[in-house]
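Novice: Chains as they are written, first to last, in our numbering: chain Z, 1 to 342; chain D, 1001 to 1323.
Read the hints as simulated data drawn from the structure, not as lab findings. As the structure is a computational prediction, the values presented were derived from the model and not from experiment. We treat Cβ as the ideally placed atom computed from N, Cα and C, and that holds for glycine. Mixed in with the good hints there might be a few duds.
[Claimed, not checked] Where chain Z lies over chain D, by a calculated footprint (3+ residues, C-beta under 8 Å):
(1) 1088-1097
(2) 1184-1193
(3) 1254-1266
(4) 1282-1291
[Unchecked claim] One-sided excerpt, in silico: chain Z residues whose CB lies under 8 Å from chain D:
(5) Asp-69
(6) Ala-72
(7) Thr-76
(8) Pro-100
(9) Asp-169
(10) Ala-177
(11) Ala-178
(12) Ala-313
(13) Gln-315
(14) Asn-316
(15) Pro-319
So the chains spell out like this:
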Amino acid sequence: MKLKTLLAAVAVSALALSGCAVDHSGQDSAKPTLRLGYQTFPSGDLIVKNNKWLEEALPDYNIKWIKFDSGADINTAFIAKELDFGALGSSPVARGLSAPLNIPYSVAFVLDVAGDNEALVARNGTGINAIADLKGKRVATPFASTAHYSLLAALAQNNLSPKDVQLIDLQPQAILAAWDRGDIDAAYTWLPTLDDLRKTGKDLITSRQLAKDGKPTLDLAAVSNEFGAAHPDVVDKWRQQEARALTTIKDDPDAAAKAIAAEIGLSPDVVAGQLKQGVYLTPEQLTSPEWLGTEGAVGNIAKNLQSASEFLAEQNQIPSAAPLKTFQDAIYVKGLPGALAQ
Amino acid sequence: MSRYSCWDERDTACPLLPLTLSSSIGYTSQGVAGTVSVFVDITQAESQVDSPATPAPRPGRWRGRLTRAALPLLSVVVFGIVWQLAAAAGIWNQTFVPYPSTVWKAFIDVSTTHDGVRGYAGYLLWEHLYMTLRRVLVGVVIGVGLGVLLGLVMGSIAWVRSVLEPWLTFLRALPPLAYFFLLVIWLGIDEAPKITLLALAALPPAAVATTAAVVAAPVGLTEAARALGATRAQVIRDVVVPSALPETFTGIRLAVGMAYSSVVAAELFNGIPGIGGLVKDASNYNNTPVVLVGIFAIGFSGLVIDGLLRAAERRAVPWRGKI
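Taking the hints into account, I'd like the entire structure generated from these sequences.
Specialist: Below you can see the structure in the form of structure tokens.
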């Protein structure tokens, strides 16, 4: 009897709880849902999200923004068919488009190009003044990220192999902790952690310099091929809003910083400083041959991704590089440059 | 030496057990002549208890053994076939369900040096496993040692129990991931935070089980020992500890399990070499075959460790379930 009462109580409370999850996303089950994976690096994505521009532009869709901590997680979500759009770095994209992952997605936008916002910093007092001095030292970076890629590229530039240094896989917040304790000598990471490291260290190389040397890293937005083929109109609307965000960063940096600050919990001043360190393209630059290119004439970005893929294969991170054709086919240039007109 | 065969009429198991009190301590301080122990010896009783459970006919027993050995094997074979079929059906991407052969190849790659690449991330599989087992061993020894001590004290002294129990429950409710970042800030990124995390995971189950076991020590036995003149320390050493050991062992097995299941969390930062670090790193690259190799390595070594603990338990506390 007692057991039955208990079981009944458990059943009733389970039913009651399952009906009242805390959810402020305001989803309407009658409308289809657009699923966008984003990350918290400062980019136009956050401006679009904070200003609810997509909700305005696509009233017939539920807009669901999902936060991710790394490009690897976004790749996983794409494989699981849980995302329509996703923001991730160029090295996760190069990996995703190569075998064995072969993720069916296309690059539809360049959110930003890494500039001084990603850098290799050495701690004061370690006696490291150049990349060559890193031999035998402990260097931390979040593995499988664009910073990891840049670090390997910087080492290769100086004829160092990854085995010549002690590479340690740490996320940015852990890098800061290990740095303060003196557990690591150098780190390749990004803002906002990077600014904290710079207070007690100095830059050895930044991603801006690596880009000049032919190893650029980018933050890209990808769209799943299935969704892109089925709803090109939605992709157009989305691209227009992303282009609008890029224009805002250029023309009204204060408004851009305010919107991004609201999303990542930093002060607008700090975000404004971060925006200055990154490279944000204008819509015109975006469709130039150097980046996405136009319909029928895919830009240089395919070559960038292919060289990233070759580099990853050299570093044994993927079994073999994919051919250039794979990357050219995976750049979503439909309707460019006209489609970006606002 | 004195021998008693049933000194407590309330003990229901008593008629089955000729309790043998063999000598090991002398109660000289209390003036009790001779040496008396209340260590419960049931070696003779064991055969009596066991024989009716396993009936005599030999072929039947062999068949039983065969079934016991064959069933787990059969389940593994069935699992392999289902896996192969699921992979071959092609419903899922290879990243979701790789072929068993792909995983086998990953296992070989991780275990050997091939094309100049040593194992995974520069270390062979056994080196990853060895580092993890070493961390788990040190963590568990510290955690279980402290836990059992704490349990003994908490079980024996009521006010200590009231003071510490909420803290222990608090610690037990925390998932290791929640506080691991704090350990990194306080203790760095080397071995210290990993071992601390494993010790913290192992401590509560050991402490809780020991406390419960000590509290549940048969009142009859303790009172009898006291009546025979044993001091408090002697009662704890010769009555409470032996009767608490079986349950404590269960606690230790749970503690090892808790520590082992926290391995991936413990090796989240700078975990290579380490099997948890391997799983985490491979999942960063969506490298499902290597993730599965890591999972199998953790699972199988867990089975082996639990088997060893059970064997140790049978040796150390043969009287389990008999008093």
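Novice: Each hint needs a verdict: does it hold in this structure or not?
Specialist: Hints versus structure:
1. 1088-1097: Per the Cβ count (4), the hint holds.
2. 1184-1193: Satisfied; 5 residues make the cut.
3. 1254-1266: violated (count 0)
4. 1282-1291: Since 4 is at least three, the answer is holds.
5. Asp-69: Given a least distance of 11 Å, the restraint on Z:Asp-69 is violated.
6. Ala-72: holds (5 Å)
7. Thr-76: Holds, because the Cβ-Cβ distance from Z:Thr-76 to chain D comes to roughly 6 Å (cut-off 8 Å).
8. Pro-100: Since chain D brings a Cβ to about 6 Å from Z:Pro-100, closer than 8 Å, the hint holds.
9. Asp-169: holds (6 Å)
10. Ala-177: holds (5 Å)
11. Ala-178: With a closest approach of 5 Å, the Z:Ala-178 hint holds.
12. Ala-313: violated (12 Å)
13. Gln-315: violated (11 Å)
14. Asn-316: holds (6 Å)
15. Pro-319: It is violated, given that the least Cβ distance between Z:Pro-319 and chain D is near 10 Å, above 8 Å.
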